[in-house]
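Counting in the numbering used here, the sequence shown runs from 1 upward without gaps.
Since the hints were made in silico from the structure, they are not lab data. Some hints could be false.
Computed beta-carbon distance windows for the label pairs [to be verified]:
#, residue 1, residue 2, range
1, 98, 133, 14 to 22 Å
2, 251, 151, 45 to 53 Å
3, 127, 277, 14 to 22 Å
4, 177, 2, 17 to 25 Å
5, 105, 2, 37 to 45 Å
6, 155, 133, 16 to 24 Å
7, 211, 154, 21 to 29 Å
8, 173, 229, 36 to 44 Å
9, 2, 182, 16 to 24 Å
Don't be surprised by glycine CBs; every beta carbon is placed ideally from N, CA and C.
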Amino acid sequence: MNELDHFLEAADQPERYGAGIKAGGTPVLGYLCSYAPEEIIHAAGVHPLRLFGTLESTIQADSHLQAYCCSLARGVLESALDGTLAFLDGAVFPHTCDTIQRLSDIWRLNTHFDFFADVVHPVRLDSGFAREYLEDILQRFKCELEAWSGSKIDDAALARSIETFNAARKRLDDLYLMRSRDPDCISGSRVSSIVKASMILNRDELPGRLSRLLEEIKAGSYRTGGTDDKKRLLVAGSLCDHPDFYSMVENSGGVVVWDDLCTGSRAFDGFIDPTGDHLKAIARRYFERRPCPSKHLSNTARGEALAAMAEKHKVQGILFFLLKFCDPHAFDYPYLKEYLEAKNIPVTLIEVEDSLPPEGQLATRLETFIYTL
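Starting from the given sequences, assemble the full structure and let the hints guide the process.
Here it is as structure tokens:
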């Protein structure tokens, strides 16, 4: 089995991999957002596992959630209620939107996992006390985790975790830069699965696996061919758990050379300073990485970041991948569209639920947009 196969299998069967880690004697905590402090979880000897939820029926979850809640929240709650996530020891809920905040209460009251934690990040990143507040929140979370796990999270453990996560993020960034320079080196659908798997696989093994994978890509093992004349696109939004979407883009005359997704480059954006106070360094990264719409830095921060990415990676158009009922991104889109179009960057909106729109309909929309570029 080559390295890519490990990533593809983990992305396709995250619960199987999580259950395997638990069976090996390591506690597993699920999390729903890239704002979860993975380094602290890992430093406690616990495996952080990103939750993506089921794409099937959500009958049990529907009895707890309003009709206007997104399919991610429904899918994750359904997986908890139907026993799919029975191997978990608990879950961590960063406050990123009203739905996730309410989901955390429903989860706490209707499931029976050992550990539960809300990690309420500041919304106003430009506030004078926001950083100090987040440092206090992370310290409290660390204490809660120590009390539950029985493991002291000392500076040495945090330093090792920071080194591990920095190494993995560097290699994922290298992968994206490699594909921006040469989109033929590996398909977009495979890159999407690699990033997803990086939130599932054993983190101690991850940097090594990514290094070996990069060598396989450099050796030309996964070249696709035929993207030279395709339009260079950027995908922006919350999460995209649909690798086939990238194949459809490529079949429609485009190629995704970068993204701004929480299951993409936002998840590994920025590094943690390994020197000094480790909790303060972890908090600092959350302020320095690109924010998602659930955080406010300035009225134009998101637009400026997207425009800069588009220029750096020679992007010809932006696809906004909007999960239906995702309020932060839905509210953000009109302002981003206006800002980017004023910069002469074409944009279009693709709205999805737990599944992609019908293939013919989506292909027509993609082909029409790409044709205009």
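Taking the hints in turn, this is what the structure says about them:
| no. | hint | result |
| --- | --- | --- |
| 1 | 98 to 133: 14 to 22 Å | holds (20 Å) |
| 2 | 251 to 151: 45 to 53 Å | holds (49 Å) |
| 3 | 127 to 277: 14 to 22 Å | holds (20 Å) |
| 4 | 177 to 2: 17 to 25 Å | holds (22 Å) |
| 5 | 105 to 2: 37 to 45 Å | holds (44 Å) |
| 6 | 155 to 133: 16 to 24 Å | holds (22 Å) |
| 7 | 211 to 154: 21 to 29 Å | holds (28 Å) |
| 8 | 173 to 229: 36 to 44 Å | violated (27 Å) |
| 9 | 2 to 182: 16 to 24 Å | holds (19 Å) |
Violated hints amount to a single one, hint 8; each of the other numbered hints is respected by the structure.
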